[in-house]
Amino acid sequence: MAAKSDFRELNRVIHFSYKTSMVQSMHWVLSPVLAFAIYLAILNLSTTYFRLENYQREAVWSLVHLNTQLQSTQQDIQLYEMNALDIKALRIRYELLWSKFAVIQNNIEQDSMLRNITELQTALNESFNNFKAMERAVYSGEVIPPSLLDKWIAELSHAHEIINRYLIHEIADADGSYSRASWYTLLDSLYLVAAASLAFFVHIGYVLLSLVRERSDNLFKLNHDALTSLANRSHSMTILDQSCRENMFFTLVIIDLNEFKKVNDTHGHPAGDQILIHLSNTFRKTINRHGLVGRLGGDEFVWIINTTDQEVVKHHFQELLEQLAQAYIINGYDFYLKLSAGASICHGNNPDPKSLMAQADSAMYQAKKSGSTEIAWYKANETPAKNTYLNMLFF
Amino acid sequence: MKFGKSGVLGLLTLLLLIGLGIFFSKNYFRLFSDDPMIVITNQVGDTANMGRASPKLNEQGMLLEVLGSKDSGCPPDTVLNEQQLLNLPQQTFKTSHTWSKEPQTFSGPLLEDVLKYVCPDKKFIKLHLRALDGYAIDLNFPAVQKYRPIVALTVNGEGMKIRDKGHLWVMAPLDDFNIPERSLDELLIWQLNQISVNLTE
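Taken in sequence, the protein lines are chains A and B. Numbering-wise, the first sequence is residues 822 to 1216 according to our numbering. Numbering-wise, the second sequence is residues 6 to 206 according to our numbering.
Just so you know, these hints were derived from the structure itself, not from any lab. Some clues are possibly wrong.
[Claimed, not checked] Here are some, though not all, of the chain B residues that point toward chain A, as calculated from beta-carbon distances under 10 angstroms:
(1) 21
(2) 22
(3) 105
(4) 131
(5) 137
(6) 164
(7) 166
(8) 182
(9) 184
(10) 185
[Unchecked claim] Heads up, simulated EDC-like pairs for lysine to aspartate or glutamate below, C-alpha to C-alpha not over 20 angstroms straight-line:
(11) A:921 x B:169
(12) B:106 x A:1035
(13) A:953 x B:76
(14) A:921 x B:191
(15) B:128 x B:169
(16) A:909 x B:190
(17) B:166 x A:1035
(18) A:921 x B:76
(19) B:10 x A:1035
[To be verified] A partial selection of chain B residues facing chain A, derived with a Cβ cut-off under 7 angstroms:
(20) 29
(21) 30
(22) 101
(23) 160
(24) 163
(25) 170
Beta carbons: idealized from backbone N, C-alpha and C, even for Gly.
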């Protein structure tokens, strides 16, 4: 059961990391897309700005021209009244003013901000309707009575006044309703830029975060064994070197799994891997809590514990042996894991890590030879074995 | 950190997107489009005649007055009526413009043809165009010639009254050219009444 769940876990890890790398490759596309979105939003902002400027300029332009024509028309009506202008010239003036009314109507149709000033619109419509009502009299061919002419002058000057007022207070003024409406339109474009920038920076932040996570993940992988997640050989050796350099008091224990080769040969490598994983998990539950356990390679492990008290070491090792006393079941087979362990003690006298390793190694071979499950302690008068497997492998 | 294949791909995608962005938005930048800012509106100093129609407009059938300055070698004062303008080769096109929501169809002779009719064998350099209401522009004609401006007589097949910006309206097929919106508006003078030819070659 335990073995199956281990594999399921492994599968999940593999699947997950595959998915993660897919997401990360998408990031290369997402950043330029978001940068492009910012670019479009800024483009939209600037075109909106210039469009609004244009609209305001045109509204002012059309209203000023309408006003000019309103004034000229008043003058021409007065001239006509004094018989200084003939009806043909007055008709041309009438047509010109009509065209200016039509232009401002078109402005209102296209410019929503101008449309928002409803009072101006109403006033303009009223003036235009009054003005249209003059058409019959202007084109009738009869002499226009002075009372009607005076009424027209009054109407036109009223329209002129109203337009002037709106022009000054609502359109040209920075605090007028036209300027405010165009500012709100511009603000919408600004929100777009802000949203695009926010999305971009959130994404960059996410990418940085995942890079930081990946970095710590990689650092872990650098110092740990891929199969067992225990400290790997180079990390263990670094810790050993460091402990020696700093003249620390510690015990170095080398642990070897007995008859591991046989398991591999008879039950296959997957079974061997499962046994190593199980052993490492047991290490983690017991002796790894009182020091550092590293995998040197194959079925060789090292345990560095910051004490020189043999009893303490023995006590912790006993806990491990108790855990391993239960059978580990793979494919219906019971496995009883047996360990050989050899230790050498360092009393902080600036030792050589290589010789410490060799001492513990030779002690471990003594234990293996005798078939003892207890830790074999290196004694000073023993000569360390020169041709052990570990010595050949590492030194 | 290694730059890697994905980095190169990302950079290429970025360059491609920027290129596409410029391609699709070049209309908004004067840098990438034709700059027709050659029209100079000139109304200052013309206040005496502001809003006053040319006295000749009252004469029967008069539509357009073409004045030639002394140096230009053109006749000093030519008056054209509707029939004369209609006899010239007519251009017709549909275009959108500032003063209407919908595109409209304009037809009339090319401005160049009108000038050539009055003043043959000349190359026109400086013109002064005037509208009925006193609006006037100085025009560097060779700079706008490529936009093929016409003197439009009809809009959507109908003649224009003065109140509809007639009788004559200078218009160009704006939709055919890659120019910023509204940048030729000064040239598109409506209620055209008078052209002065100031300089020819």
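Fill in: Unmet hints by their number, sorted upward, for this structure
4, 6, 8, 9, 12, 13, 15, 16, 17, 18, 20, 22, 23, 24
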